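Working from the sequences, and respecting the hints, build out all of it.
As given, the protein sequences belong to chains G and V, one line each in that order. Oh and the first sequence: position 116 is 99 in this note's numbering, straight run, nothing missing. In this note's numbering, each number is its position in the second sequence, counted from 1, plus 152.
For the record, the hints were derived by calculation from the structure and aren't laboratory data. It should be emphasised that the depicted structure is a prediction, and the values quoted were computed from it without experimental measurement. Where a beta carbon is used, it is the ideal one built from N, C-alpha and C, also for glycine. Fair warning: there could be bad hints in the mix.
Mimicking DSS-like on lysine-lysine, the simulated pairs with C-alpha atoms at most 27 Å apart in a straight line are [as the list claims (entries may be wrong)]:
id : chain 1 : residue 1 : chain 2 : residue 2
1  : V       : Lys164    : G       : Lys20
2  : V       : Lys264    : G       : Lys34
3  : G       : Lys72     : V       : Lys264
4  : V       : Lys164    : G       : Lys17
5  : G       : Lys72     : V       : Lys263
6  : G       : Lys24     : G       : Lys66
7  : G       : Lys123    : V       : Lys264
8  : G       : Lys66     : V       : Lys175
9  : G       : Lys34     : G       : Lys24
10 : G       : Lys17     : G       : Lys34
11 : V       : Lys164    : G       : Lys24
12 : V       : Lys160    : G       : Lys24
13 : V       : Lys160    : G       : Lys20
14 : G       : Lys37     : V       : Lys264
15 : V       : Lys263    : G       : Lys66
16 : G       : Lys17     : V       : Lys264
17 : V       : Lys188    : G       : Lys(-11)
18 : V       : Lys160    : G       : Lys17
19 : G       : Lys(-11)  : V       : Lys175
20 : G       : Lys20     : G       : Lys34
21 : G       : Lys37     : V       : Lys263
22 : G       : Lys24     : G       : Lys37
23 : G       : Lys66     : V       : Lys264
24 : G       : Lys37     : G       : Lys20
25 : G       : Lys34     : G       : Lys72
26 : V       : Lys175    : G       : Lys72
27 : V       : Lys164    : G       : Lys72
28 : V       : Lys164    : G       : Lys66
29 : V       : Lys175    : V       : Lys264
30 : G       : Lys72     : G       : Lys24
31 : G       : Lys123    : V       : Lys263
32 : G       : Lys66     : V       : Lys160
33 : V       : Lys264    : V       : Lys160
34 : V       : Lys263    : G       : Lys34
35 : G       : Lys72     : G       : Lys17
DEER-style ranges, computed between Cβ atoms [unchecked claim]:
id : chain 1 : residue 1 : chain 2 : residue 2 : range
36 : V       : Lys175    : G       : Met(-16)  : 22 to 30 Å
37 : V       : Trp171    : G       : Ile(-7)   : 13 to 21 Å
38 : V       : Glu212    : G       : Ser39     : 45 to 53 Å
39 : G       : Val111    : V       : Thr238    : 18 to 26 Å
40 : V       : Pro202    : G       : Arg122    : 37 to 45 Å
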Amino acid sequence: MIEILKEATIGSIESVYSIAIIIIPIMLILQILKDYKILDKITGPFHFLAKLFKTSNETVLPLLVGIIFGLSYGAGVIIQSAKEGNLNKRDLFLITVFLATCHAVFEDTLLFVAVGANGYLLLGTRLVAAFVLTYILSRKLSLNNFKEETIDEVDQSI
Amino acid sequence: MMLINSVKTGLKKGFETTWMLAKIIIPVYFVVTFLKYTPIIDGIAVIFRPVMAIFNLPGEAAIILVLGNVLNLYAAIGAITAIELTSLEITTIAMMLSFSHSLLVETAVSKKLGISGLQVILIRIGLAVISGMIIGRIGALI
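If you want it as structure tokens, here you go:
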């Protein structure tokens, strides 16, 4: 029992540490790029994603971070953007659907390639599924679908 | 001066985000570690053994899928190397697991973003099942 507790304690600290050594530099670099107005130039070419899903341009950065680094890191950037008030509920829902389906594409794909799977097939299917699913949902959902929740929240805060 | 401010804000955001994720990941990690030492995982695998035929996979593959979904991809990779599989079987398993893995940790993180855990799990398992059936079946014809 004590052994299991020890393993859980050490393991969870290690996994938080491995997140910290990635997320802190990401946040640091993103902040510098943002303040020096370089970030817009990098995310600019990917604004077609926001157009495609009819979301705000602020969804592009968390999408890119999540696709490249992983769900947790993407979530970190999403929550920071949400705090700054740039994302509405529909935006949040759609990026979460996309990233739940497709994230950490390099790490996840290479892991399986290492044991003999076809990487192109894996990555291709995952990307296509994420695009198709998010696109369909983006056409079905308007902000009105999320209004009730927002009203509830306002009620609670009052 | 501007750089110093950027560094300060960036580091603050980094630590905040790490803390926010730590609060989600640490409790789930404890649950997952305890689960690993109970017969629950083997039990789930036994239940899913007969279902593996749908994906054209041997019954042993159930343990790989359960490990990947309950624990994480690294646990599943360990199990893949321990069981003899054809390259088609490995691709089928890899496809299913890349849609659906680490469900306990990742669902906890997704819930933080205002989407219900059940929705995330249904989408991911749904995609895993559909892709597994397609690859397992079509691959067997080629």
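Right, here's what the structure says about each hint:
no.: 1; hint: V/Lys164 x G/Lys20; verdict: holds, 20 Å
no.: 2; hint: V/Lys264 x G/Lys34; verdict: holds, 25 Å
no.: 3; hint: G/Lys72 x V/Lys264; verdict: holds, 12 Å
no.: 4; hint: V/Lys164 x G/Lys17; verdict: holds, 15 Å
no.: 5; hint: G/Lys72 x V/Lys263; verdict: holds, 13 Å
no.: 6; hint: G/Lys24 x G/Lys66; verdict: holds, 23 Å
no.: 7; hint: G/Lys123 x V/Lys264; verdict: holds, 23 Å
no.: 8; hint: G/Lys66 x V/Lys175; verdict: holds, 18 Å
no.: 9; hint: G/Lys34 x G/Lys24; verdict: holds, 17 Å
no.: 10; hint: G/Lys17 x G/Lys34; verdict: holds, 21 Å
no.: 11; hint: V/Lys164 x G/Lys24; verdict: holds, 24 Å
no.: 12; hint: V/Lys160 x G/Lys24; verdict: holds, 23 Å
no.: 13; hint: V/Lys160 x G/Lys20; verdict: holds, 17 Å
no.: 14; hint: G/Lys37 x V/Lys264; verdict: holds, 23 Å
no.: 15; hint: V/Lys263 x G/Lys66; verdict: holds, 16 Å
no.: 16; hint: G/Lys17 x V/Lys264; verdict: holds, 25 Å
no.: 17; hint: V/Lys188 x G/Lys(-11); verdict: holds, 14 Å
no.: 18; hint: V/Lys160 x G/Lys17; verdict: holds, 13 Å
no.: 19; hint: G/Lys(-11) x V/Lys175; verdict: holds, 18 Å
no.: 20; hint: G/Lys20 x G/Lys34; verdict: holds, 21 Å
no.: 21; hint: G/Lys37 x V/Lys263; verdict: holds, 23 Å
no.: 22; hint: G/Lys24 x G/Lys37; verdict: holds, 20 Å
no.: 23; hint: G/Lys66 x V/Lys264; verdict: holds, 13 Å
no.: 24; hint: G/Lys37 x G/Lys20; verdict: holds, 24 Å
no.: 25; hint: G/Lys34 x G/Lys72; verdict: holds, 17 Å
no.: 26; hint: V/Lys175 x G/Lys72; verdict: holds, 23 Å
no.: 27; hint: V/Lys164 x G/Lys72; verdict: holds, 25 Å
no.: 28; hint: V/Lys164 x G/Lys66; verdict: holds, 14 Å
no.: 29; hint: V/Lys175 x V/Lys264; verdict: holds, 11 Å
no.: 30; hint: G/Lys72 x G/Lys24; verdict: holds, 26 Å
no.: 31; hint: G/Lys123 x V/Lys263; verdict: holds, 21 Å
no.: 32; hint: G/Lys66 x V/Lys160; verdict: holds, 18 Å
no.: 33; hint: V/Lys264 x V/Lys160; verdict: holds, 25 Å
no.: 34; hint: V/Lys263 x G/Lys34; verdict: holds, 25 Å
no.: 35; hint: G/Lys72 x G/Lys17; verdict: holds, 24 Å
no.: 36; hint: V/Lys175 x G/Met(-16): 22 to 30 Å; verdict: holds, 25 Å
no.: 37; hint: V/Trp171 x G/Ile(-7): 13 to 21 Å; verdict: holds, 19 Å
no.: 38; hint: V/Glu212 x G/Ser39: 45 to 53 Å; verdict: holds, 47 Å
no.: 39; hint: G/Val111 x V/Thr238: 18 to 26 Å; verdict: holds, 25 Å
no.: 40; hint: V/Pro202 x G/Arg122: 37 to 45 Å; verdict: holds, 38 Å
The earlier numbered hints are all upheld by this structure, with none contradicted.
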